[in-house]
Amino acid sequence: MSIQSAPSVPTAGITLRTVSFGHPDAVALNDRVQLEYAERYGDEGDVTPLDPTMFDAPRGHYLIAYDAAGVPLATGGWRTQDENDEGYADGDAELKRMYVTPEARGLGLARRILAALEEDARAAGRTRMVLETGTKQPEAIALYLSSGYEPCAKFGHYRFEELSRCYAKPLGG
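Each residue of the sequence shown is one higher than the one before, counting from 1 in my numbering.
Derived from the structure by calculation, the hints contain no laboratory data. Incorrect hints may appear among the rest.
[Claimed, not checked] Only pairs whose alpha carbons sit at most 25 Å apart, straight line, appear in this in silico SDA-like list of lysine to any residue:
hint, residue 1, residue 2
1, Lys136, Phe160
2, Lys154, Tyr41
3, Lys154, Pro52
4, Lys136, Arg17
5, Lys154, Asp85
6, Lys136, Glu150
7, Lys169, Glu103
8, Lys169, Gly108
9, Lys154, Arg40
10, Lys154, Asn30
11, Lys169, Gly134
12, Lys169, Thr18
13, Lys154, Thr135
14, Lys136, Arg32
15, Lys136, Cys166
16, Lys136, Ala28
17, Lys169, Glu44
18, Lys154, Pro138
19, Lys136, Tyr37
20, Lys169, Asn84
21, Lys169, Arg17
22, Lys136, Gly106
23, Lys154, Tyr88
24, Lys154, Thr127
25, Lys169, Gly106
26, Lys154, Arg17
27, Lys169, Asp43
28, Lys136, Gly172
29, Lys136, Gly45
30, Lys169, Arg112
31, Lys154, Lys169
32, Lys154, Ala28
33, Lys136, Gly108
34, Lys154, Val47
35, Lys154, Thr18
36, Lys169, Glu39
37, Lys154, Gly106
38, Lys136, Tyr167
39, Lys136, Asp31
40, Lys169, Thr48
Given the sequences, and given the hints that come with them, work out the whole structure.
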C-alpha cells in the first residue's frame, strides 16, 4: 500500500456525513487504516479498545467524507474523556481514527474533518482536543502542528511507548 499523496479524486461534491463508528463504511475505513498502521509500525495496528457507542452524541461524533458518487474517502471522530488513570483531563475530547485514503490525500479532507470535529466537541462542552499519534506518521504530526496542536504529557493506551506522541489544543469558545 502506497503512503504517498496521489490526488485523483475531484474535490467537487465531497460531503461530510455523521455516521456510527459501527457503520459498514466506518468499519471498512478502519480496516484500511489498521493495515497502514501495521505496515508503518510492523505490528498488528492500533489496539486501543474502542466501542462504537463511544462516538455517539453527545459524548462523541464520527464523520466520513464521501465523494459525489458516495465513495468513502476519509474519516475521523472524537470521544469524551475525563480525568482517569490513563492521563486524560476533565473536559478532554480525544481524536480517533483520522484517516484519508491514499487516492484522496492532498485534497484537504483531514483538515476539513479536523475542523468539523473540533467545532462539534466545542459545542458539546469539551474544553480540549487531545490526540495520540506516532513518529512513523510524520504527515499526521505536521497536520496537527499546523492546526495549532502542541505536544503534551502522554496519555492513553500507548502512553508508555517510545514511538508515541501526544498533542493537545484548547477548544476555547
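Structure versus earlier hints - violations, ascending order:
4, 7, 17, 26, 27, 28, 32, 35, 36 and 37
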